[in-house]
Amino acid sequence: MSEDGKTEGQVKVAIVGSGNIGTDLMYKILKEPGHMELAVVSGIEPESEGLKRARDEGIGTTHEGIQPVLDDPEIKIVFDATSAKAHVKHAQMLKEAGKIAVDLTPAAQGPYVVPTANLTEHLDEGNVNLMTCGAQATVPMAYAVSRVTSVRYAEMVSTVASASAGPGTRQNIDEFTFTTARGLEEIGGAQDGKAIIILNPADPPLIMRNTVYVVPDAERDEVDEDAITESVNEVVSEVQKAVPGYQLTNGPTFDERDTPWGEKPVVMMFLEVEGAGDFLPKYSGNLDIMTSSARKVGEAFARHLLGVEEVVA
Amino acid sequence: MTEARQTVRITDTSLRDGSHAMSHQFTAEQVREVSSTLDKAGVQVIEVTHGDGLAGSSIQYGFSRESEMDLISEAADVCEQAKIAALLLPGVGTVPQLKEAVERGVTVLRVATHCTEADISQEHFEIAKEMDLETVGFLMMAHMRGPEVLVEQARLMESYGADCVYIVDSAGALLPRGAAERVEALKQNLDCQVGFHAHNNLGVGIGNSIAALEVGADQLDGSLRGLGAGAGNAPTELLAAVLDKMDVETGLDAFKLMDAAEYTIAPMMPFQPMPDRDSIMIGYAGVYSTFLLHAKRAAERYEVDVRDVLVELGEREAVAGQEDWVIDVALDVAKEKEGAAS
Numbered sequence: 001m002s003e004d005g006k007t008e009g010q011v012k013v014a015i016v017g018s019g020n021i022g023t024d025l026m027y028k029i030l031k032e033p034g035h036m037e038l039a040v041v042s043g044i045e046p047e048s049e050g051l052k053r054a055r056d057e058g059i060g061t062t063h064e065g066i067q068p069v070l071d072d073p074e075i076k077i078v079f080d081a082t083s084a085k086a087h088v089k090h091a092q093m094l095k096e097a098g099k100i101a102v103d104l105t106p107a108a109q110g111p112y113v114v115p116t117a118n119l120t121e122h123l124d125e126g127n128v129n130l131m132t133c134g135a136q137a138t139v140p141m142a143y144a145v146s147r148v149t150s151v152r153y154a155e156m157v158s159t160v161a162s163a164s165a166g167p168g169t170r171q172n173i174d175e176f177t178f179t180t181a182r183g184l185e186e187i188g189g190a191q192d193g194k195a196i197i198i199l200n201p202a203d204p205p206l207i208m209r210n211t212v213y214v215v216p217d218a219e220r221d222e223v224d225e226d227a228i229t230e231s232v233n234e235v236v237s238e239v240q241k242a243v244p245g246y247q248l249t250n251g252p253t254f255d256e257r258d259t260p261w262g263e264k265p266v267v268m269m270f271l272e273v274e275g276a277g278d279f280l281p282k283y284s285g286n287l288d289i290m291t292s293s294a295r296k297v298g299e300a301f302a303r304h305l306l307g308v309e310e311v312v313a
Numbered sequence: 001m002t003e004a005r006q007t008v009r010i011t012d013t014s015l016r017d018g019s020h021a022m023s024h025q026f027t028a029e030q031v032r033e034v035s036s037t038l039d040k041a042g043v044q045v046i047e048v049t050h051g052d053g054l055a056g057s058s059i060q061y062g063f064s065r066e067s068e069m070d071l072i073s074e075a076a077d078v079c080e081q082a083k084i085a086a087l088l089l090p091g092v093g094t095v096p097q098l099k100e101a102v103e104r105g106v107t108v109l110r111v112a113t114h115c116t117e118a119d120i121s122q123e124h125f126e127i128a129k130e131m132d133l134e135t136v137g138f139l140m141m142a143h144m145r146g147p148e149v150l151v152e153q154a155r156l157m158e159s160y161g162a163d164c165v166y167i168v169d170s171a172g173a174l175l176p177r178g179a180a181e182r183v184e185a186l187k188q189n190l191d192c193q194v195g196f197h198a199h200n201n202l203g204v205g206i207g208n209s210i211a212a213l214e215v216g217a218d219q220l221d222g223s224l225r226g227l228g229a230g231a232g233n234a235p236t237e238l239l240a241a242v243l244d245k246m247d248v249e250t251g252l253d254a255f256k257l258m259d260a261a262e263y264t265i266a267p268m269m270p271f272q273p274m275p276d277r278d279s280i281m282i283g284y285a286g287v288y289s290t291f292l293l294h295a296k297r298a299a300e301r302y303e304v305d306v307r308d309v310l311v312e313l314g315e316r317e318a319v320a321g322q323e324d325w326v327i328d329v330a331l332d333v334a335k336e337k338e339g340a341a342s
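Going down the list, the sequences are from chains V and H.
In this text, residue positions in the first sequence follow this note's numbering: the first is 1, and each later residue adds one.
In this text, residue positions in the second sequence follow this note's numbering: the first is 1, and each later residue adds one.
Just so you know, these hints were derived from the structure itself, not from any lab.
Heads up, a few of these hints could be off.
Mimicking SDA-like on lysine to any residue, the simulated pairs with C-alpha atoms at most 20 Å apart in a straight line are [claimed, not checked]:
id	chain 1	residue 1	chain 2	residue 2
1	H	LYS296	V	PRO46
2	V	LYS52	V	PRO281
3	H	LYS335	V	ASP255
4	H	LYS335	V	PHE254
5	H	LYS296	V	ASP258
6	V	LYS85	V	GLU96
7	H	LYS99	H	GLY161
8	V	LYS282	H	ARG316
9	H	LYS296	V	ARG257
10	H	LYS296	V	GLN240
11	H	LYS99	V	GLU175
12	H	LYS337	V	THR253
13	V	LYS89	V	GLU37
14	H	LYS245	H	MET258
15	H	LYS129	V	GLN171
16	H	LYS335	V	LEU248
17	H	LYS335	V	THR229
18	H	LYS129	V	ASP255
19	V	LYS282	V	GLN240
20	H	LYS337	V	THR249
21	H	LYS187	H	GLU214
22	V	LYS241	V	PHE178
23	H	LYS296	V	LYS85
24	V	LYS85	H	GLU123
25	V	LYS52	V	GLU37
26	V	LYS85	V	THR169
27	H	LYS99	V	GLN171
28	H	LYS99	V	PHE178
29	H	LYS187	H	THR116
30	H	LYS296	V	ALA97
31	H	LYS335	V	THR253
32	H	LYS296	V	GLU256
Covered stretches of chain V, going by a simulated chain H footprint (3 or more residues, C-beta under 8 Å) [said to hold, decoys possible]:
id	region
33	119-133
34	157-166
35	191-197
36	205-219
Remember, it's a predicted structure, so these values are computed and weren't measured experimentally.
Every residue gets a Cβ at the ideal spot worked out from N, C-alpha and C, and that includes glycine.
Produce the entire structure from the sequences given, and follow the hints as far as they go.
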């Protein structure tokens, strides 16, 4: 598939945004490049920590924002780790330049992707969105239940260390709840979704925690608890391939609750997400799961462009 | 005596904090009755929302029996002078619910964050101000930080448009001196009003409220019969009586409120919140009062001692809204118990 002939086994990619997320993603791609060659990290501050680190790794850098990336015809896939506001502009520019955008901001200009649930569904799109860290962490759990039994309602609660919630999240916290709830519905398979986020300032910072409650349509005695447990454990192992620190601290456990739909069974899953510590601290599992998912999505696009079938994740 | 009488405004939160003790089962009829009684007794602000604020109805916190928006409408409908307030916790409630609450009759918005996380409330304060609402900031679990941090956080809320910032003793863990030094620090450093919200877990709900008043609190919270999370709040009828004796101007009719407590709210209550064993433990361990019923239920379900669960939650530094941790911790305690037994 490679048109220029220079990237037979690898597709050139770029990261736009040299902040914490962009830098962590850089280390992840360098650690496990797969079919990607990281050509450029782009920022706006020449002396930023992220650009310095990229130079140290021998990666091309620019402090002129997205333009040099747009101008490089060899770059096929662009990870946007800037902000939702910036990505709305970038999305159009990248589209015109014929580049695939993997969006790590909440801008939601393209369809949502959660690798474990729908990685290969949107490989012909030009722009995909990773929603929120909470969605990356919890949608796979809703999906694990909904592929066994139809799901009336899914609710997630994310507890994130205050130190790992940046100004973007803080100033627009409503966005997190809307987008994550939609992820539970559209990809998690729930008829209705709800999301709650809590910031906890404990010191030392706590590792990202998520609780997922899933209410099946069926009654308690009709629910195949073994099949659900098996499906959940399978999905957990799948996510662990990209995020080794993703684990259930408890559950799936089954209970009953009074709900607007009567007394219903509830499947409860308690997750801890520890980051790999590639650049960001390990407690920032919330950020790590975004960058890990982004790498995985980038790799899927790269293979798709090269016409390579999946061999190993 | 030429000095003007000190005045304080009391907000009654029976229909919001009390929603916790009621397991969010308030009916429209009950809300009408309570609101109307409070309105006639001179209460100027009545808070009506799910216990965890707008959109709190969930598995995490418990589903509301009736829609909180309908309950707000009922309260607004029967009140002649009282304003209706709603609580919003950013991360749980969002702007669309705020807008609907205003359509239903809310004119006072109280925005609550953990006491170190005020910067997640900016959007909600700004939109509330655009809608001409009166705004109150709630710094929850205020026992976990000292005056300096609280002043810094309160200033943020003031800068976003808060007309008043409350020191909220969500865990009922403060003693009078701790309550007073926090309120006083805010009074000295803010231009806006300052309030205090008590929980009675250590038996000093009224004492803390008076201590706050003595250093200049402009607003206090109460609930009839103390109906609220944990051991409940400062009882509104008791505040009215005590403040009368202190010659503080409240505009409240203490006798009517005593009747409201006795004849209106008491018959609705599933139990009388009080500093019993588990509530004292909440104050003592510095845990969110709302965990009480969740911890009792989880302890029963997983056959563990509720105090072990509460102490562990304190050690993990759980903050407001983390009810899911109650189950997670109970499961951990059960596992440990099983491990120890085998």
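Here is what the structure says about each hint:
A distance of roughly 56 Å separates the Cα atoms of LYS296/H and PRO46/V; the hinted pair therefore is violated under the 20 Å criterion. Proposed proximity of LYS52/V and PRO281/V is supported: the alpha carbons are some 19 Å apart, at most 20 Å. Proximity of LYS335/H to ASP255/V is assessed by CA-CA distance (about 17 Å); at most 20 Å being required, the pair is judged to hold. Under the criterion of a C-alpha separation no larger than 20 Å, the hint pairing LYS335/H with PHE254/V is consistent with the structure, at around 16 Å.
The suggested pairing of LYS296/H with ASP258/V holds, with an alpha-carbon distance near 17 Å, which does not exceed 20 Å. Of the pairs offered as hints, the one joining LYS85/V and GLU96/V holds, with about 18 Å between alpha carbons and a cut-off of 20 Å not exceeded. Of the pairs offered as hints, the one joining LYS99/H and GLY161/H holds, with about 17 Å between alpha carbons and a cut-off of 20 Å not exceeded. A distance of roughly 18 Å separates the Cα atoms of LYS282/V and ARG316/H; the hinted pair therefore holds under the 20 Å criterion.
Simply put, LYS296/H and ARG257/V have alpha-carbon atoms about 15 Å apart, close enough for the 20 Å limit, and the pair holds. As the CA atoms of LYS296/H and GLN240/V are separated by approximately 34 Å, the hinted pair breaks the 20 Å bound. Between the alpha carbons of LYS99/H and GLU175/V the distance comes to roughly 16 Å, so the proposed pair stays at or under 20 Å and holds. For a cut-off of 20 Å, the pair hint linking LYS337/H to THR253/V stands: about 18 Å separates their Cα positions.
Note on LYS89/V and GLU37/V: the hinted pairing is violated, with a Cα-Cα distance of about 25 Å set against a maximum of 20 Å. A hinted pair counts as satisfied when its Cα atoms are at most 20 Å apart, and LYS245/H with MET258/H qualifies at roughly 15 Å. For the given pair, LYS129/H sits about 16 Å from GLN171/V by alpha-carbon distance, which is consistent with the 20 Å threshold. A threshold of 20 Å between alpha carbons decides the hint, and for LYS335/H with LEU248/V the separation of about 14 Å falls inside it, so the pair holds.
At most 20 Å may separate the alpha-carbon atoms for a hinted pair to count; LYS335/H and THR229/V meet this at roughly 18 Å. A distance of roughly 42 Å separates the Cα atoms of LYS129/H and ASP255/V; the hinted pair therefore is violated under the 20 Å criterion. A C-alpha spacing of about 15 Å is found between LYS282/V and GLN240/V, which places the hinted pair at or below 20 Å, so the restraint holds. A distance of roughly 16 Å separates the Cα atoms of LYS337/H and THR249/V; the hinted pair therefore holds under the 20 Å criterion.
Between the alpha carbons of LYS187/H and GLU214/H the distance comes to roughly 11 Å, so the proposed pair stays at or under 20 Å and holds. Distance check on the hinted pair: LYS241/V and PHE178/V sit about 28 Å apart at the alpha-carbon level, beyond 20 Å; violated. Proposed proximity of LYS296/H and LYS85/V is contradicted: the alpha carbons are some 46 Å apart, above 20 Å. Distance hint between LYS85/V and GLU123/H is fulfilled; the C-alpha atoms sit about 16 Å from each other, no more than 20 Å.
Among the hinted pairs, LYS52/V with GLU37/V is consistent with the structure: their alpha-carbon atoms are about 19 Å apart, no more than 20 Å. Between LYS85/V and THR169/V the alpha-carbon distance is near 13 Å, which keeps this suggested pair within the 20 Å criterion. Between LYS99/H and GLN171/V the alpha-carbon distance is near 19 Å, which keeps this suggested pair within the 20 Å criterion. Between LYS99/H and PHE178/V the alpha-carbon distance is near 16 Å, which keeps this suggested pair within the 20 Å criterion.
Of the supplied pair hints, the one linking LYS187/H and THR116/H holds, its CA atoms being roughly 18 Å apart against a limit of 20 Å. Between LYS296/H and ALA97/V the alpha-carbon distance is near 59 Å, which puts this suggested pair outside the 20 Å criterion. For the given pair, LYS335/H sits about 13 Å from THR253/V by alpha-carbon distance, which is consistent with the 20 Å threshold. The hinted pair formed by LYS296/H and GLU256/V meets the criterion: a straight-line CA distance of about 16 Å does not exceed 20 Å.
Figure legend: the region 119-133 of chain V, annotated as covered by chain H; annotation inconsistent (0 residues with Cβ-Cβ distances under 8 Å, at least 3 required). A stretch counts as covered by a chain when three or more of its residues have a beta carbon under 8 Å from one of that chain; for the region 157-166 of chain V and chain H the count is 3, and the coverage holds. With 3 residues having a Cβ less than 8 Å from any Cβ of chain H, the region 191-197 of chain V passes the three-residue criterion, so the hint holds. Using a Cβ-Cβ cut-off of 8 Å, 5 residues of the region 205-219 of chain V lie near chain H, which meets the minimum of three, so the contact claim holds.
Hint check: violations occur at hints 1, 10, 13, 18, 22, 23, 30, 33; the rest are consistent with the structure.
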